[in-house]
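> Protein chains in written order, with this note's numbering: chain G, -10 to 64; chain L, 1466 to 1817.
Hints are supplied without guarantee of correctness; some may be wrong.
In silico DSS-like cross-links for lysine-lysine, where the CA-CA straight-line distance does not exceed 27 Å [what the hints assert, rightly or not]: (1) Lys1622(L) <-> Lys1489(L); (2) Lys47(G) <-> Lys1489(L); (3) Lys1622(L) <-> Lys63(G); (4) Lys1485(L) <-> Lys63(G); (5) Lys1533(L) <-> Lys1807(L).
Keep in mind that the hints were calculated from the coordinates and are not lab data. Bear in mind that the values here come from a model prediction, so they are computed numbers and not experimental data.
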Amino acid sequence: METRFIELFKETLEIEADTVHLDTVFRELEQWDSLAFLSVIAMIDEEYDVVIEGNDFKKLVTISELIEEIKKRKA
Amino acid sequence: MAQLSFSDVGISGIAAAVPKNTIKNYEYTEHFPEEDVKAVVDKIGIFERRFAEQGVCSSDLCFAAAEKLIVDMSINRDEIDLLVFVSQTPDYRMPATSIILQHRLGLSHNTIAFDLNLGCSGFIYGMSIVYSMMERSNLRKALLLDGETRSRIYSPKDRKTAFIFGDAGVAALIERNDHFGKSYFSMNSDGSKEDLIKMNAGGYRNPTTVETLQEKVVDEYGNIRSEEHGYMNGGDVFNFVIREIPADIKKIFAYAEKQTSEIDFFVFHQANDFINSYLAKKLKLEKEKVPATIAKFGNTSSVSIPLTIVSELQGRLNDNKQLFLSGFGVGMTWASAIINTKDCYLSELVEI
């Protein structure tokens, strides 16, 4: 799931360079803003049928934490 | 189970009014760099909006729409027994704007008139109340007015809301007639999410003070607003919509024992194109059946559903049509309806 998620995440933010990894702090990415946030929420809903509320989302820092949160909610 | 059904009541005609004053979003660059504006505008798919000139209220837009409808449909004013005005931008805190409109429209003193303070779900809530009263035997005709000057609520220096909202007003004539058949409503509320879309001060909880009017930077993006501007937590609103709206649709179709394939038009509250396109895709709806005005009028809150009908369904509501309506927003509240129309009259759009 990790590789697929990173692919989708990059696609969603239109990132082509190899700048997104499991330990990436996604909020610090140049492409991250409130609009990117919406697109990522939509992508997670579409791909994983999971909704992460804003307050919980705020606590997530790295890509791997994001993936863990999706897994937790799918379980 | 907040679901209701009605028999033999329906909308026989609608008129809508928008201000002439057109705001082109790409050129709305006083407070933000052009390329930032373009990125936001492209994402939300809102290219133009209408802003009421100073001194023009929601009630004036509704008044213009109502006059147009009354003349076009040769409605006898004396037969209007009920007038409901839906808005969160009334003329005054008191008296209720509906009462002022009763007089301006030359309606009789026997008219039942009151306001309904609701946002994006308001037209459907309003319909359900008018349908309830009209289903009883004695009222002859009802006018449901719905107007908003949302342009006045939000800060032009807060990019989360600066490019979204616009102004409009509508008037719908609701009557009893057995050709309308059955209609279905589902209405919901969740006050735990009161802070997703909100105007913090200026009411009685936090009355106006010098501080509440002071503009300040509110987030890490440098957005600026006061406590008396509206704000919106877009991410959570989006989460809310993609979770609750498809669920409510499922609920109402089960209740009505109908299939989505029976519906001629799906008219959604026009929130922004990102949300609306996502919903349509998620629900697998055919594009031709989902009329939209978001690109040219923006988000006009509760007015957006009837405004979209008047603007986009001209000549398409002949004979019998089945419509699905869905409104969602500030509260949070959300509502959906399945209604029938029979040769529904749509006035030409009024521009004032």
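> Below or equal to 27 Å on CA atoms is what counts here, so check Lys1485(L) against Lys63(G).
Outside the cut-off at roughly 50 Å; violated.
> Given the hint that Lys47(G) pairs with Lys1489(L), does the C-alpha gap stay at or below 27 Å?
Violated, because 34 Å separates the two Cα atoms, which is more than 27 Å.
> What's the verdict on Lys1622(L) and Lys63(G), does the C-alpha distance respect the 27 Å limit or exceed it?
Outside the cut-off at roughly 39 Å; violated.
> Below or equal to 27 Å on CA atoms is what counts here, so check Lys1622(L) against Lys1489(L).
Distance of about 16 Å is within 27 Å: holds.
> What's the verdict on Lys1533(L) and Lys1807(L), does the C-alpha distance respect the 27 Å limit or exceed it?
Distance of about 20 Å is within 27 Å: holds.
Going through the hint list in order, the structure does not satisfy hints 2, 3 and 4.
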